[in-house]
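Asks: Let the sequences and hints guide you as you build the complete structure.
These protein sequences, in sequence, are chains A and B.
According to full-length UniProt numbering, numbering within the first sequence proceeds without interruption in unit steps and concludes at 222.
According to full-length UniProt numbering, numbering within the second sequence proceeds without interruption in unit steps and concludes at 215.
Keep in mind that the hints are not guaranteed to be accurate.
[Said to hold, decoys possible] Output of the computed footprint for chain B on chain A, the stretches with three or more beta carbons under 8 Å from beta carbons of chain B:
{"hint": "1", "stretch": "18 to 24"}
{"hint": "2", "stretch": "62 to 76"}
{"hint": "3", "stretch": "183 to 192"}
{"hint": "4", "stretch": "198 to 211"}
[As the list claims (entries may be wrong)] Sample of chain B residues with no beta-carbon within 10 Å of chain A, all distances over it, derived:
{"hint": "5", "residue": "T46"}
{"hint": "6", "residue": "V152"}
{"hint": "7", "residue": "E182"}
{"hint": "8", "residue": "Y204"}
[Said to hold, decoys possible] Okay, the calculated bits of chain B under chain A, using three or more residues with CB under 8 Å as the criterion:
{"hint": "9", "stretch": "4 to 17"}
{"hint": "10", "stretch": "72 to 82"}
{"hint": "11", "stretch": "159 to 172"}
Keep in mind the hints are simulated off the structure, nothing from the lab.
In this text, a Cβ means the ideal position worked out from N, Cα and C, and glycines have one as well.
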Amino acid sequence: MGYSLDFGWLEGAAGAIARGAAMTVFLIVVTTIAGTLISVLAAAGRRSGPKWLKRAITVYVEVIRNTPFLVQLFFIFFGLPSLGIRLDPIVAAILAMTLNMAAYTTEIVGAGLDAVPKGQREAAAALGLRPRQVFVKIVLPQALKVIFPALTSQIVIMMLESSVVSQIAVSELTYEADMLQARTFRPFETYFVVAMIYLGLSILLRRLLVGVGRRTLSAGVT
Amino acid sequence: MIEFTFWDILRNLVFATRWTVLLSIAAFVGGGVVGIAILFLRISKTKWMRRFASGYIALFQGTPLLMQLFLMFFGLPMLGFRIEPWTAAVLGLTFFASAYLAEIWRSGVDALPRGQWDAGASLGLHYVQELRLIILPQAFAITRAPVVGFLVQLIKATALTSIIGFEELLRTSNAINNATFEPFTVYGLVALIFFVLCYPLTQYARSLEARAAAR
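Replies: If you want it as structure tokens, here you go:
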């Protein structure tokens, strides 16, 4: 067979890999913030909004959950320009990732809202809190605490899935790997190194989120 | 230049769907077989076997599927295997599925009360018999909903194999899009086809979950 692994190219590639990893981190941070906000609104809307809104949110969640992320990405990046909506690759990637993640987390947040006992709401109302205060100060923190592990998993899954936005030329980690292997002719070594970086990122991201959850929500996550 | 009508596009896409379906079935079956092997290691009494299985699962759940497919596609030829996109796609998705299925089934095994093992042992069954006759049937039964849920994930994951050159639904649609310049219609239809494949399974998983919760 006579093939020997060669990692000599790594030295010159560190900069490109670091830039790619930084872009991946940027994408997942923006997606996490925007996606969580949207899903809180959507989950609340699905429980107390008007009927048309409830139906629209259900359709959104089902369509996203039952089609591949890559197809959603292509539809947004290649399909929307037919309607006159032309997006920069990074904007298209963030939009696709946010819409995708929010559909999953809407279900997760919803389950959390349902898990808060009714008595909590009634007690808060009896203390004279307005409905919005009841939701923001009493119900939501308890719901987030319950769903924090599920939310953490979903964020890590989205980070891993973000590798496919390389297909619309967003220069994140996988895209940099594609460029590198074309230059070094060492595809296996390149993708192996990058896969290990993803593994490290997913472990770090999980640790970080668990730490944040412990501190802000005192959620007991492992 | 060939003119594509809407029906030509739809017909070609529906034709390509059989490869998506076939790949999903192959990966699900393959993933099930390998997954059971990993499950055996994961719940074994030997420490290094459990460690190996945990590492295997963590590796596949902690790296992007796209990287796994690339490593399969570029790595196997280095070991001297000639490899087609189809082989890389089936193998890549099989290993991916095995890690998730093993973890789902392990949660089922863990959920069974300790007494089930003790009862098996008191009837004089040895380890393999206990697993085959008592533990696994119950573990499979209580994890049916998440397994169907994972099948939906797997069907959607087949779209990634278009990137390593396997001619499934999405890759065919890319080619059609290049010929027709109608991305809105083409990718809209692709999404619709995936939805038709996945939605009934999602609903089935949901009904299984509701039935399990009612029990």
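Asks: Hint compliance check: list the failing hint numbers for this structure, sorted ascending.
Replies: Per hint list: 1, 6, 7 and 9 violated.
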